[in-house]
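Since the structure of chain A is provided, determine the placement of chain L on it from the hints.
Here are the chains, one letter per residue:
Protein chains: 2
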Amino acid sequence: MQASLQQELARIVGKDRVLASPEDLLCYSYDGTFVAYKPDVVVKPASTEQVARVLELACREGIPVHPRGAGTGLSGGSVPRGGGIALVMTAMNTIYEINPEDMLAVAGPGVITAELHRAVEERGLFYPPDPGSAEFCTLGGNVAECAGGPRALKYGVTRDYILGLEVVLADGRVVHPGGRTVKNVTGYDLCRLFTGSEGTLGVITKITLRLIPKPQAVKTILAAFKDLVQTGEAVNAILSAGIIPRTLEIMDSVSIAIVEQFSPCGLPREAAAVLLIETDGDREQAQREAERVVKVLKEVGSAEIRLAADAREAGELWRARRAVSPAITRIKPTKIAEDATVPRSQVPAMIRRLGQIREKYQIDLVIFGHAGDGNLHPNIACDCRDAGEMQRVEKAIAEIFQAALELGGTLSGEHGIGLLKAPFLMAELGEAGYQAMRDIKRSLDPKNILNPHKIFSG
Amino acid sequence: MQASLQQELARIVGKDRVLASPEDLLCYSYDGTFVAYKPDVVVKPASTEQVARVLELACREGIPVHPRGAGTGLSGGSVPRGGGIALVMTAMNTIYEINPEDMLAVAGPGVITAELHRAVEERGLFYPPDPGSAEFCTLGGNVAECAGGPRALKYGVTRDYILGLEVVLADGRVVHPGGRTVKNVTGYDLCRLFTGSEGTLGVITKITLRLIPKPQAVKTILAAFKDLVQTGEAVNAILSAGIIPRTLEIMDSVSIAIVEQFSPCGLPREAAAVLLIETDGDREQAQREAERVVKVLKEVGSAEIRLAADAREAGELWRARRAVSPAITRIKPTKIAEDATVPRSQVPAMIRRLGQIREKYQIDLVIFGHAGDGNLHPNIACDCRDAGEMQRVEKAIAEIFQAALELGGTLSGEHGIGLLKAPFLMAELGEAGYQAMRDIKRSLDPKNILNPHKIFSG
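From first to last, the protein sequence lines stand for chains A and L.
At position 342 of the first sequence (counting the first as 1) the number is 342 in my numbering, and the numbers step up by one without a gap.
At position 172 of the second sequence (counting the first as 1) the number is 172 in my numbering, and the numbers step up by one without a gap.
Chain A on its own, in the form it takes in the complex (with noise of 0.2 Å):
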């Protein structure tokens, strides 16, 4: 990059909001994947303006821009392929409004998820979306990626919590799709288009989220089944019951016995699955109903079912799901992690399918995820070393893709298509869905100066 250009954008955000050393510009160059490309230079703006006017020098002078949160993106969303710029928002973080009266609340794009959380659960409110890197991850990101986690069953995603977004087009110019009010259908639902859209359509820059009354209470069960046709008939049962458990998570065998032999939780090692499922609403509601989830777990014949007492029982339950993730890079040092889904009732056959896969290619396969909305992550443990592997590894991960989609679900159901499932995105799409796609983000950013490489290939 012409040092001129740096020049110019240090003059817009400040000498010290942009990086260009070589451990910088690696810093900023990989994700929660295994692909990685260093981007010429590093800016972290601190206002809408300053993003505005990074995006119109950009835009003049046809540099890529790749906006960036924490980089715990599962699909290489945010590498910066191509090199430019790499936008990190993290320096917008403040959270501006916690508004119980119209519960809602309104943060900028480098807000910390978790952060979010605690701080409307302080006021008695509740944000659902929970991925599993709400630690570390960042609103914006969320809101680009669509992001969901295991309570999206029972409250949704981040798309169903979004009420108004402050964006910057590609050319600078500055949007406001939607408000403060749940109901709104004034014009196209811009908030909704730019929610997943990956940072190819525009930059958040501002975030109003609604928030709902926090449960009071939450009952967590443990279940253990002998095969997966039984497990997947307590999952229809429950919800069948017109229970709709706040979260209700699946752990393969495999998950089992690498939990168990990394990190021993007390998992029944003999299982061929366990669900993890919480119930939650008043206290006689999530009391009332994880009764009923127990008995329909009885009924169906679950081989053991462990309903914790109290918080710090739950804790340990909880444990053995949290340590799958851990568990899996013990096993070697590249960890891919899939959320190919399927129409939930097609659960147990996507883990028959999968299972072939695991025996076809001889890889290390672990399945664990989101049982009750069909968001399944088989997880492969390889190394990124090992070309052989890597090929077997491929072939596989085309293979589910493959499979996800006979089954009637689709490639990505939380963590976007990034770089690593566009070569796919054809498959589901078809030829026309993928051209709709394509004239929208050329009628949005016709110079695809946005996030280029990611979801659509090439």
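Simulated from the structure, these hints should not be mistaken for laboratory data.
All C-beta atoms in this analysis are idealised placements derived from N, C-alpha and C, irrespective of residue type, glycine included.
Please note that the accuracy of each hint is not assured.
The following label-pair restraints were derived from C-beta to C-beta distances [as the list claims (entries may be wrong)]:
no.	chain 1	residue 1	chain 2	residue 2	range
1	A	V218	L	K360	50 to 60 Å
2	A	Q216	L	A311	46 to 56 Å
3	L	S4	A	E56	45 to 55 Å
4	L	A217	A	E97	35 to 45 Å
Using the frame of chain A, we list chain L on its own:
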């Protein structure tokens, strides 16, 4: 329209699906508002393939196409201004699937909303969106307008229940955004871009809807208040207590007066406003929340509280709310239903502003609607043949919109922009927001054949 084009349309959809008699053109010239424009021809396709071929033809020849369901819209969104084809989707009225396992339904755009309600409720499932016209309006229209209704407070609006769509684009290509899973972040959220796009971006030909378990029980409460401040306090006190009622409807003193005049329901005539509140859930939850609501209402000082003992008594309470709209039409022949929406804390302020507007322009303004989500329905009874009155009404409406925007609200909560609010769009969106929407429109419908003049004025 040339006879040859009409013949070509008849070849696509069959002769009896093309109507062009003066009576037919008149029948499809209006919607639920007072505006009317005749189409050149009415076409009633029976399949996606037919819709695609009609649009191909229309695109080739540059003929405007105005998609339409039952014509119950309240913003002039389906009236065929500029002539061309009225594309009536009511024949595509098949419920293809109700799937209790995946908790979804697949339906054609012509299915009547209340028929879907009944069909899914028979299976123990629930489709919450309930626009006032549910017994007549179609799902396609609901999606095109992103319909809401009273239950949106707890359960959200149409957009929150769209899993997947089949949409025919302006040039006849067919796209299938979304799918059968709640979590789906594969590319841009076209499901929600088409939802609420008012037929200007594509024609909806199939809808996959998310369902939830049907709440077992509903409790209904009516509460009267001596002033509006107290009414607003009651709304906030209920929600602050952590209760999200299923509905939280308001009727002002004028609503009460006209209902009691034309269809007496025993409403307290001296009240400044009444709230109609429903709680739901399993039997215990509905009852317990109703009791908590009653307690809160007493604390706020409600002048009169009635808790319906059974479904019959609940029906009586709802009869008053349902009588408002018919009662308005008894005042004067033209009924203009607005849906300017404000943050819920601003409901009392909005009602005060509406009262001032009523005085200033000496109009018959009735206020009722969804207090819980700030979505009021100021209705004006007038006579569209009285030019002097209509001038005052027009000015009053402009001032209603201005008031909503000044209070942090939006032009439209659930009726859409259509023809009638198009002149006000720029005031809410600003130049850049307006332009972004036009750019998207142009990218998907470059010839502007789909529902021209709607949303964007001119």
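Each hint tested on the structure:
Between V218 (chain A) and K360 (chain L) the beta carbon distance is about 52 Å. The supplied range of 50 to 60 Å therefore holds. The hinted range of 46 to 56 Å is not satisfied by Q216 (chain A) and A311 (chain L), whose Cβ atoms lie roughly 29 Å apart. For S4 (chain L) and E56 (chain A), the hinted distance range of 45 to 55 Å is satisfied, since their beta carbons lie about 51 Å from each other. In this structure the supplied range 35 to 45 Å holds for A217 (chain L) paired with E97 (chain A), their Cβ-Cβ distance being about 37 Å.
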